[in-house]
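Residue numbers (our numbering), protein chains in the order written: chain A, 10 to 419; chain B, 14 to 162.
Just so you know, these hints were derived from the structure itself, not from any lab. In this text, all values refer to a predicted model and were calculated from it rather than measured experimentally. Virtual Cβ for every residue (Gly too), placed ideally from N, Cα, C. Treat each hint with caution, since some may be false.
[To be verified] No more than 27 Å apart at the CA atoms, straight line, and that leaves these computed lysine-lysine pairs for DSS-like:
1. B/K66 with A/K42
2. A/K385 with B/K66
3. B/K130 with A/K26
4. A/K416 with B/K15
5. A/K393 with B/K105
6. B/K66 with A/K395
7. A/K416 with B/K158
8. B/K61 with B/K23
[What the hints assert, rightly or not] Only some residues are given here: those of chain A computed to face chain B with a beta carbon under 7 Å:
9. S48
10. W80
11. W292
12. N324
13. T329
14. G372
15. G375
16. G378
17. F398
18. L400
19. S401
20. Y406
21. G413
22. E414
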Amino acid sequence: MKIVIIGASAAGISAAKTIKVSEPETEVVIISKEDSVHSRCMLHKFLGHQRDAKGISFIADDFFETAGITWLNNTTVISLDPDKKTVTTHDNQTISYDKLLIATGAAYFIPPIPGLRESKNVYGFRDLNDAKLLDRECQTAKNAVVIGAGLVGMDAAVALLERGLNVTVIEMTKDVMSLQLDHQAARAYQQLFEEAGAEFILEDKVVSVDVNDVGRGTTIHLASGKAVPADVIVIAAGVRPAFNFTQGSGIKTNHAILVGDDLKTNLKDIYAAGDVTGIAGIWPNAMKQGRVAAINMLGEKLLYEDRYALKNTVNFYGLTTLSLGNINPEPEENCEILIREDRHNYQKVVLKNGIVLGVIMQGDIGGTGFWQYLIKNKIDISGKNKDVFSLSFADFYDLDQQTGEYKYAV
Amino acid sequence: MKRIIIDREKCDGCLNCNIACISAHEEGSNFYTVNLQSPDAETRNFIKFDVGKGYLPIFCRHCDEPECVLSCMSGALEKDPVSGHVQYDENKCAACYMCVMNCPFGVLKPDKKNRTKVIKCDFCDDKPDGPSCVKACPKQAIVVKEVNL
Ligand SMILES: Cc1cc2nc3c(=O)[nH]c(=O)nc-3n(C[C@H](O)[C@H](O)[C@H](O)COP(=O)(O)OP(=O)(O)OC[C@H]3O[C@@H](n4cnc5c(N)ncnc54)[C@H](O)[C@@H]3O)c2cc1C
Ligand code: SF4
Ligand code: SF4
Numbered sequence: 010m011k012i013v014i015i016g017a018s019a020a021g022i023s024a025a026k027t028i029k030v031s032e033p034e035t036e037v038v039i040i041s042k043e044d045s046v047h048s049r050c051m052l053h054k055f056l057g058h059q060r061d062a063k064g065i066s067f068i069a070d071d072f073f074e075t076a077g078i079t080w081l082n083n084t085t086v087i088s089l090d091p092d093k094k095t096v097t098t099h100d101n102q103t104i105s106y107d108k109l110l111i112a113t114g115a116a117y118f119i120p121p122i123p124g125l126r127e128s129k130n131v132y133g134f135r136d137l138n139d140a141k142l143l144d145r146e147c148q149t150a151k152n153a154v155v156i157g158a159g160l161v162g163m164d165a166a167v168a169l170l171e172r173g174l175n176v177t178v179i180e181m182t183k184d185v186m187s188l189q190l191d192h193q194a195a196r197a198y199q200q201l202f203e204e205a206g207a208e209f210i211l212e213d214k215v216v217s218v219d220v221n222d223v224g225r226g227t228t229i230h231l232a233s234g235k236a237v238p239a240d241v242i243v244i245a246a247g248v249r250p251a252f253n254f255t256q257g258s259g260i261k262t263n264h265a266i267l268v269g270d271d272l273k274t275n276l277k278d279i280y281a282a283g284d285v286t287g288i289a290g291i292w293p294n295a296m297k298q299g300r301v302a303a304i305n306m307l308g309e310k311l312l313y314e315d316r317y318a319l320k321n322t323v324n325f326y327g328l329t330t331l332s333l334g335n336i337n338p339e340p341e342e343n344c345e346i347l348i349r350e351d352r353h354n355y356q357k358v359v360l361k362n363g364i365v366l367g368v369i370m371q372g373d374i375g376g377t378g379f380w381q382y383l384i385k386n387k388i389d390i391s392g393k394n395k396d397v398f399s400l401s402f403a404d405f406y407d408l409d410q411q412t413g414e415y416k417y418a419v
Numbered sequence: 014m015k016r017i018i019i020d021r022e023k024c025d026g027c028l029n030c031n032i033a034c035i036s037a038h039e040e041g042s043n044f045y046t047v048n049l050q051s052p053d054a055e056t057r058n059f060i061k062f063d064v065g066k067g068y069l070p071i072f073c074r075h076c077d078e079p080e081c082v083l084s085c086m087s088g089a090l091e092k093d094p095v096s097g098h099v100q101y102d103e104n105k106c107a108a109c110y111m112c113v114m115n116c117p118f119g120v121l122k123p124d125k126k127n128r129t130k131v132i133k134c135d136f137c138d139d140k141p142d143g144p145s146c147v148k149a150c151p152k153q154a155i156v157v158k159e160v161n162l
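Throw the hints in and build the complete structure from the sequences for me.
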């Protein structure tokens, strides 16, 4: 059997690994438009000059040879023919498959703001190529503007600060990382970034960018009337699942490629995994989906049930935060909100009828892995009769006598 | 693979396993000379107390399907195909702490000094005489056994 995987990142590589471990004879071809395999989550370490390109790889140097996988890099898939069971590449190769995995991830998006798309010094922060282009700009630029203070924008900002640029971050909402944090937790990070030299303009919007005669954006105009000078601009205003090449193939999409719990699409022998499915935009889930898709492609049945996506960890300047679930409930949701604070910690638990809906643990996050289990499985903790902030896995402790593994007593 | 098997009823909470673990990761120290006040003094195993159940040892299971490995974005966490143990490479780690979030048993933690690495059981690098905690337990509440994967 020949399995073709489009995408050599979290989902694609984890699928390929899974296939080669369980059925080494299966032929695996991975196609990627990039020429390296790297972890996007470490791009800031590359741009900040803490690591080189090799240092942000997440696989061994000889991964493809050792696993016996064919890797077509620098190769972009431009179309898909589900009847002939082939894909076509930008350089006119036609590649046939018995089973196909689409693991093309997501791509950044430049909002249609006058001057922004036209400016030559506007960059996304999604792959190594973006980081390399930014790196080049950093050699001469003084003023950097980051549009969007989500996790990706903050990653870019931390690296640009590391490189000694004046960094201004512009954000529409009233807080940084507003999907992951509440006001207080966000303020703590904002302060650390400000101490490192960053400037934040919150609750404001870019309305236009002045472009000079060589096509570079020079001044960013905001809705408030403010004007910010820019030598280099990073756009971090969100990403979109990347599936352009499937146009006309009949694949079902809705801003993402739609898959069932077996990660199969509506087309025969075609599966999808990772950011392209729109299920979750984080690394662990992309890896897991790659694995589950691979197992299903090999003919076994395994369902992907982890559609729970609201989870993240943040670590900037040594301040760590765990964020899970609904952390900013609306008043009409009638949730109970518990808060505990001391000099080093800010902790918040959102409860409804004994079920934990969300948590923020800022400061010490050691041993907090059990919270995700409680939230995902809607475990009722009201019977615990205990301060919620002192809960740990010990409160659900059970052991499998056969294997010695833990299980949850709930 | 070898796993530390827990008999929680035997545990009486002496915490020798904690001290042995800290000492095993403090170069040149032993059970008596280990500096427990050092900022690097971190135990990789935990003993919790529950009024109903008594002492509850929490040790990395080197899981058959380790959630921590499945969540690692740098390749720092890998399950060794031969030993079955989940090993951690500090040099690869980018301190994103997705693994801390994903270990369902709350075993993992960031280092308390700098938050630049993860504190994780390394099975004492598979030393032939076994993990230090097991040797230090006077009650045999933790013992190494071969389990089938
Ligand atoms: C700056 C940044 C920081 C992040 N930090 C974190 C973090 O700390 N923790 C976390 O959990 N997540 C983080 N994420 C999110 C995480 O990186 C993604 O969830 C993850 O990379 C998704 O993996 P994927 O395999 O689905 O797709 P992607 O990583 O997007 O990879 C897509 C692959 O498809 C290839 N490709 C795309 N289109 C084509 C085509 N037409 N032809 C051929 N090949 C193609 C690409 O070359 C690439 O190999 C971060 C993301 C960014 C951008
Ligand atoms: S750290 Fe947690 S998930 Fe990873 S192997 Fe140990 S017990 Fe399992
Ligand atoms: S903190 Fe290190 S070991 Fe843990 S998931 Fe992130 S990179 Fe991997």
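Structure-based check of all given hints:
no. : hint               : in the structure
1   : B/K66 with A/K42   : 55 Å, violated
2   : A/K385 with B/K66  : 25 Å, holds
3   : B/K130 with A/K26  : 26 Å, holds
4   : A/K416 with B/K15  : 19 Å, holds
5   : A/K393 with B/K105 : 39 Å, violated
6   : B/K66 with A/K395  : 15 Å, holds
7   : A/K416 with B/K158 : 19 Å, holds
8   : B/K61 with B/K23   : 14 Å, holds
9   : S48                : 5 Å, holds
10  : W80                : 17 Å, violated
11  : W292               : 4 Å, holds
12  : N324               : 6 Å, holds
13  : T329               : 5 Å, holds
14  : G372               : 10 Å, violated
15  : G375               : 3 Å, holds
16  : G378               : 4 Å, holds
17  : F398               : 14 Å, violated
18  : L400               : 10 Å, violated
19  : S401               : 6 Å, holds
20  : Y406               : 5 Å, holds
21  : G413               : 5 Å, holds
22  : E414               : 5 Å, holds
Checked against the numbered hints listed earlier, the structure breaks hints 1, 5, 10, 14, 17, 18; every other hint is satisfied.
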